[in-house]
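Please model the complete structure; the sequences and the hints are all you need to start from.
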Amino acid sequence: MSRSPRWSLFAILATAAIVFTACAGAASPSPSASTAASSASAPASAASSGPYAAKSYPDTAIDCAALPKDYTGTISQIKAVDQLTVEFDLCAPDVAFLSKVAFTSNNIQDSDWLAAHAKDKSYVHDATNGTGPYRVKEWVSGDHLTLEANPGYWGTAGKAQTVVVKWSKEAAQRLQELKAGTVDGIDNVGTDDFETVKADASLKLFPREALNILYLGLNVNQAPWNNEKVRQAIAMGIDRKRIAENFYPAGSEAAKYFTPCAIPLACGGDAWYDFDAPQAKQLLQSAGFDFGKTYNFHYRTKVRSYLPSPTQVATDIQSQLKDNLGVKINLVVEKDDTFLTDESKGKFPMFLLGWGADYPDVTDFLDVHFGTGANSGFGKKFDDVTQLLTAAASEADATKRGDDYAKANTAIRTHVPMVPLVHGGSATAWRADVEGAHSSPIGNEALWTTKPGDRNQVVWMQNSEPSGLYCGDESDGDALRICQQIFDSLYQYKVGGLETEPALASSCDPSPDFKVWTCKLRQGVKFGVQGELDANDVVDSFAVQWDAKNPLHVGNGGTFDYFPALFGGLLNPPPPAP
Amino acid sequence: MTTAAAPATVGLDAAPRSRSSGLWRDALRNILRQRNARVGLSILTILVLSAIFADVLSPYDPDKTLLGAEKRLAPPCVHLLGCAAAKPEHPFGLDANGRDEFSRVLHGARISLQVGFITVGFAIVLGMLLGLVSGYAGGWTETLIMRVMDVLLVFPALLLAIAIVAALGPGLINAQLAIGIVAIPVYARVMRASVLTVRESDFVTASRALGESPFGLIFRRILPNALTPIIVAGTLGIAGAVLDIAALSFLGLGAQPPLAEWGSMIGQDRNYVFTAPHLIWFPGLALALTVFGFNLLGDGLRDALDPRLNR
Amino acid sequence: MTRYIIRRLLITIPVLFGVIVLVFIVGRLLPGDPCRILLGERATDAVCAEFNHRLGFDLPVLEQFAVYLGNLGHGDLGTSFRTSRPVATLLIERLPMTLELSLYALLFATTVGILLGVVSAYKRNSAVDVLTMAGANLGVSIPVFVLGLLLASLFALVLKGTPFALPPSGRLTAGISIVPLAVRWGMENDHGPLRAVVDFVSNMYSLNGLLSAQWDIFADAIRHLILPAVALGTIPLAIIARITRSSLVDVLGLDYIRTARAKGLGDRGVVRRHALPNAMLPLVTIVGLQVGGLLSGAVLTETIFVLPGVGLATYDAITSHDFAVIQGFTLVIAIGFLLINLLVDLSYGYLDPRIRPT
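Protein chains in written order, with this note's numbering: chain A, 4 to 581; chain B, 34 to 344; chain C, 51 to 408.
No lab work stands behind these hints: they were computed from the structure. It should be emphasised that the depicted structure is a prediction, and the values quoted were computed from it without experimental measurement. Be aware that a few hints might be false.
[Said to hold, decoys possible] Below, in silico cross-link-like pairs of lysine-lysine (DSS-like), each with a Cα-Cα straight-line distance of 30 angstroms or less:
1. B:K120 <-> A:K232
2. A:K454 <-> B:K120
3. A:K331 <-> B:K97
4. A:K284 <-> B:K104
5. A:K259 <-> B:K120
6. B:K97 <-> A:K284
7. A:K232 <-> B:K97
8. B:K104 <-> A:K201
So this is what it looks like as C-alpha cells:
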C-alpha cells in the first residue's frame with residue numbers, strides 16, 4: 004500500500020479540525036472599533052448651524068413634593084442649559100455632591116458612543132472612548148492591558164507614553180515581579196512583605212491610610228444572634244488587637260468605630276467594647292446560649308484592602324471564639340461571585356465582610372450599612388439608628404451632624420448588628436527610580452503622573468483583571484482604577500488625596516441651599532476615539548445609569564450598584580427581590 | 034472407569050487448593066524479592082504508622098493556634114540541631130496562623146491515606162461492577178457501558194473533577210467523589226478484559242458443563258484472574274488519587290480550612306514561598322514521598338505478580 | 051485501510067455525541083440560577099424572566115439542546131456571560147497558549163525521556179540505570195504545583211542576576227508587544243476563516259516570532275516557557291523514560307536482535323535500526339495518553355506561572371458557572387482528544403506492519 008492515501012487522510016483530518024475552529028471564529032464579530040450605528044435616543048452632540056439641541060432628563064422634572072412611589076433618589080432633573088453648561092436639580096441639599104460626582108462611576112461618556120455601543124455591550128471590553136490621558140491600545144484578555152497616550156488630551160499629557168497593566172492574585176508573585184524589575188509598581192503588598200520592601204534599596208513602599216473596615220456581620224433575624232445579649236457577648240469576646248497585629252501590615256489598627264477616624268465626624272459617641280472574655284462568657288451563659296451546637300460562619304477568599312488574608316483571619320476568629328468563649332463555629336467558604344448577592348439578601352447568620360471608602364464622607368460608611376437604603380445583610384434595621392442617619396444626611400450644620408453621628412455610633416454599639424474588627428492598612432510598592440510614585444487612599448492611583456526612570460513605559464500590576472471598562476456598572480476597584488486612566492468625570496480627586504478639584508468641569512457651583520448645582524464644562528475637550536464633549540454627553544452619561552428603563556441602561560452585569568448608593572435610588576427601579 | 038475417574042477428580046480438586054495457597058506464598062515471596070516493593074513498603078509503613086499514631090506523635094493539636102504566645106511563620110526550631118533551648122521546639126516551624134506545622138503534616142498523613150483508600154476503593158467497587166456486567170452481558174449493554182467509560186476518559190481528569198466539585202460544592206467528600214468517578218473507567222476496563230479472557234477459556238466451558246453457577250464462576254474464576262491487575266492498578270491508583278485530591282485542595286476545591294491536608298496547606302501558604310519556604314517544602318516532601326512509596330510498591334507488585342516476567 | 055479509518059470514525063461519533071450531551075447536562079446541573087448570579091440584587095422575577103427569555107433558558111430542555119446543536123452546526127459556540135464576548139473569540143485567544151505550552155512540554159518530555167530510557171536500557175542494571183529509574187519514579191511523584199513553585203523560586207530568585215535566571219510568570223517581558231500576524235501580512239480587513247486560523251497561529255507567541263523573523267520575540271517567548279514546560283513535562287518525562295527502557299529491554303532480548311549482532315552490527319546500530327523502531331509502539335500509546343494528563347497539569351501550571359491559557363480559562367468558567375464557555379471549551383478539548391486517539395490508532399498501522407488491518 005502506498006503512503007499517499009494515508010497521508011492525504013491525515014491532511015484531511017487536520018484540515019477539518021482547523022476549519023471547524025475557523026468557522027467558529029468566523030461566526031464571531033471581530034473585536035475592532037465599530038463605527039457608530041444610527042441611534043435611537045441621543046441627539047447629535049456636535050454644534051451644528053442653529054440653536055443647540057439641549058437635553059433634559061427626564062423631560063419633565065420630578066416633583067420633589069410628590070415623588071413617584073418607588074423613587075428614593077435625591078435627583079429631580081439633570082439638564083443641559085447650553086452647550087457647555089449642565090445643571091443638577093436635587094430634592095435635598097447635598098454637601099458631598101462634588102465628592103460623589105468625582106467618583107469613577109460618573110465618568111463622562113460620549114452620547115453617540117453610548118448609543119452605538121451600549122446595547123451590544125461592546126463598550127465593556129472592546130470599544131472604549133474616553134477623555135482621559137490614555138486610551139486603550141490593546142487588551143489581551145487574561146494577560147495584560149496596554150494603554151497609549153491620548154493625543155488630544157485636554158490636560159497635561161501622561162508622563163509615560165505607554166502604560167501596561169498586568170495582574171496577579173498572589174502577593175508573593177507581584178512582589179517577585181517587582182523585585183525582578185519586570186514591573187514598575189504593584190498594588191497590595193503582602194502583609195508580611197512590608198519589611199522586605201522597606202529593606203530593599205531598589206524599592207519604595209507607599210502605605211495607604213486605612214480607609215476601610217473589616218467587620219463580623221450578624222443577622223439579627225436569625226437565632227441565636229437575634230438575642231442582643233448574645234451579640235454583645237460576641238462584641239466583647241474577640242481580641243481584635245491580636246487580629247490587627249498578626250494578620251495586617253503596619254498602619255492597621257483595631258477598629259474603635261465602624262467608620263475610620265480619618266473621615267471627618269466619624270468618631271463620636273462611645274467607643275467599642277474592650278476585649279473581656281470572662282464577662283462575655285458570663286453574658287452568654289445568662290442569655291441561655293447553646294454551647295453544644297456548631298454555628299455556621301460564612302466568608303469568601305477574595306483579597307481586599309480590608310482583608311488581605313481571608314482564610315487566616317477566619318481561622319483565627321474560629322479559634323478565638325472557641326478558646327475565649329467556648330463557641331463552636333464551622334467555617335463555610337462561599338464563592339466569590341455569589342457571596343455579595345447572598346449577603347445582601349440576608350442569607351448568612353454570621354459572616355465576614357468589609358467596606359472600603361469610595362468617597363470621604365460618613366454617609367459612605369454608616370448610611371450604606373445602617374441607613375434606610377441599606378441591604379438586608381444584618382436583618383431588620385434599627386429605627387433609632389436609621390432616624391439619626393436620615394436626619395444627619397441632609398443636615399448642613401457640621402456640629403449638629405456630628406452630634407447625630409455620635410448618637411448613631413452609640414446606638415450601633417448597643418445593638419451590635421456587627422462587630423467592627425480592623426481598619427486594614429495597605430500599600431503600593433514601586434521601583435525606586437519611578438518619579439511620581441504614590442498610593443491613593445481610595446485605591447485610585449494616577450498612573451499618568453508616574454515616570455519610570457528613563458523608560459517610556461510604566462508597568463503596573465494589580466490584584467485582578469478589570470472586569471470591564473464601562474465604570475457606570477463596575478464596582479471592583481481594579482476596574483475603577485483603570486477607568487480613571489481612560490475617562491474623566493466632572494471633578495476629580497487630587498492625586499493621592501481625597502480633596503476634589505475641577506476636571507471636565509471648570510467649575511461646579513451650588514446654589515445657597517445646596518440643592519442646585521451648575522457645572523460649566525471646559526471647551527474643546529475631545530474623546531480619545533471620536534466625539535467632542537458637550538453638555539448632552541454629561542446628561543446622557545448620568546441618565547443611562549439613573550433610569551433603569553432607559554434603553555441604554557445595559558452595563559456589564561446590569562446592577563449599577565453605585566448610582567443608587569450615591570444618589571439615593573434609581574428611577575423606575577426594578578421591583579425589589581422577594 | 035470409576036476407578037479411573039475418581040483419582041482424576043481427586044486430583045482436580047486437591048491440586049487447586051494446595052496450589053493456590055502455594056501461589057499466594059510464592060507471590061508474597063516474589064514481591065518481597067523486588068527491591069522496589071521493599072523500599073515502597075518501608076516508606077508506606079512509616080506513613081501508616083504516622084497516620085495511626087498521629088495524635089500521640091504530635092506535640093500539639095494541629096488546629097490550635099499558638100498566636101498569643103508565639104510568633105507566626107516561625108522557622109523550624111530543633112533543639113538538637115542548635116536552636117536555643119529557651120525557644121519552644123517546632124521541628125517544622127509554625128504556619129501562618131501560628132499552628133505547629135509538624136503536627137499538621139502528621140495529621141495530613143491520616144487524611145491522605147484515608148482519602149486515597151476510600152477514593153480508589155469506591156472506584157474499584159463500581160468499576161468492577163460495571164466491568165462484570167458489561168463483560169458478562171455483552172451486546173448492547175456492553176457497548177453502552179464501554180462508550181460511557183470512553184466518554185469519561187475523553188475529559189482531562191482534573192477538569193472533570195473540577196466540574197463535578199463545582200456542581201456539588203467544594204469539600205473533601207465531594208472531591209473524593211469526583212476523583213473516584215473519574216477513576217472508574219480504568220477498573221471497569223480491567224475487569225471487563227478479565228471477564229472476556231476467562232469467558233472464552235476451556236476450563237470455564239468445562240465448569241459450566243459441570244453445572245457451576247454464574248456466581249461461582251465469578252468468584253472462583255473471574256475474580257482471581259482479575260485480582261492481580263486490579264491490585265497493581267489500585268496501588269498506582271492510590272498514588273494518583275492522593276495527588277489529585279492534593280491538586281484539588283491546592284485550588285481550594287477539596288479540603289477546606291482548617292483541615293490539615295497537605296495540598297490545602299500548600300495552596301494556602303503559597304504566598305510564603307519566598308519568606309517561609311518551610312511551609313511549602315515539608316508538606317510537598319510528604320506528598321512526594323507518599324506518592325513515591327505507592328508508586329514503588331505498585332511497580333514492585335507488577336513486576337512480582339506479572340507471570341510474563343517470571344523468567 | 052480506508053475501511054478501518056471509516057470504522058474508527060464511526061465509533062468516534064457516538065462518543066463525541068456523548069461528550070456533547072454530558073457537557074450540556076453538567077452545565078445545566080451546576081447549581082445557581084445564572085440570572086441571579088450575574089445580576090445580583092437587581093435580579094427580580096421580572097428581570098429574570100426577560101433574561102431567561104432572551105437567552106432561551108425558558109424553553110424546554112430538549113429544545114434548548116436542539117438550539118445548541120443547531121448553533122454548533124454553524125460554528126456558533128455561544129457567548130460568555132461574564133465577559134459578553136463570543137466563546138470562539140476567547141478560544142482563539144486562549145487555546146494557542148495552552149497548545150504552545152503543551153507542545154514544548156511534550157517535546158521536552160519525549161526527547162529527554164527517550165534519551166534517558168535508551169541510556170538506561172543500554173546500561174541496564176548499572177548504577178546509571180538504577181539512579182535514572184529512581185529519579186524517574188520520583189519525578190512522577192512530585193506534584194506539579196510543588197515542582198512549579200520550587201522551580202520558580204529557584205530560577206527567579208536564587209539565580210537572579212545570573213545568566214541562568216528565568217522569568218517566573220507571564221508570556222513576554224512587559225513592553226514587548228506582539229504584532230498580530232494578520233496585521234503584519236495586511237489581512238486586517240479579512241474576517242473569514244483564514245483570518246481565524248492566522249489569529250490562532252499568531253497567538254502562539256514563539257511561532258509568531260518565528261514566522262515573522264523577530265528573533266528577540268521568539269527568544270523571549272521561549273524563555274518564558276522554559277520553566278512551565280519543564281514543570282508540566284516532568285511527569286510525562288518520567289513515564290516515557292520508564293516505558294522506553296522497559297520496552298527496549300523487552301525487544302533487546304528477542305531473537306532477531308541476536309541475529310543482527312551475529313551479523314556484525316554494532317550495539318548502537320542494533321539499538322537504532324532494529325530495537326528502537328519496534329519499541330516505539332507502546333511509546334506512541336503512552337504519549338497519546340499523556341496528552342490528557344498534560345491538559346490537567348496545564349490548569350495547575352497556568353495558575354502558578356500566570357499563563358492565560360485554556361486550562362485556566364476553563365477553571366475560571368467552571369467556578370463562575372459560565373455555561374457557554376464551559377461547553378465550548380470542553381467540546382473543543384474533547385474533539386482534540388478524539389482526534390489524537392484516532393491519530394495514535396492510525397499510527398499503529400504505520401509503525402507496525404503486523405497490526406495493519408487487511
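Now for the hints, and whether the structure bears them out:
1. B:K120 <-> A:K232: This hinted pair is violated, its Cα atoms lying about 41 angstroms apart.
2. A:K454 <-> B:K120: violated, 48 angstroms
3. A:K331 <-> B:K97: Between K331 of chain A and K97 of chain B the Cα gap is close to 13 angstroms, so the pair holds against 30 angstroms.
4. A:K284 <-> B:K104: This hinted pair holds, its Cα atoms lying about 27 angstroms apart.
5. A:K259 <-> B:K120: violated, 35 angstroms
6. B:K97 <-> A:K284: holds, 20 angstroms
7. A:K232 <-> B:K97: It holds: about 28 angstroms lies between the C-alpha atoms, which stays within 30 angstroms.
8. B:K104 <-> A:K201: OK: K104 of chain B and K201 of chain A at ~21 angstroms, within 30 angstroms.
Comparing the model with each numbered hint stated earlier shows that hints 1, 2 and 5 do not hold.
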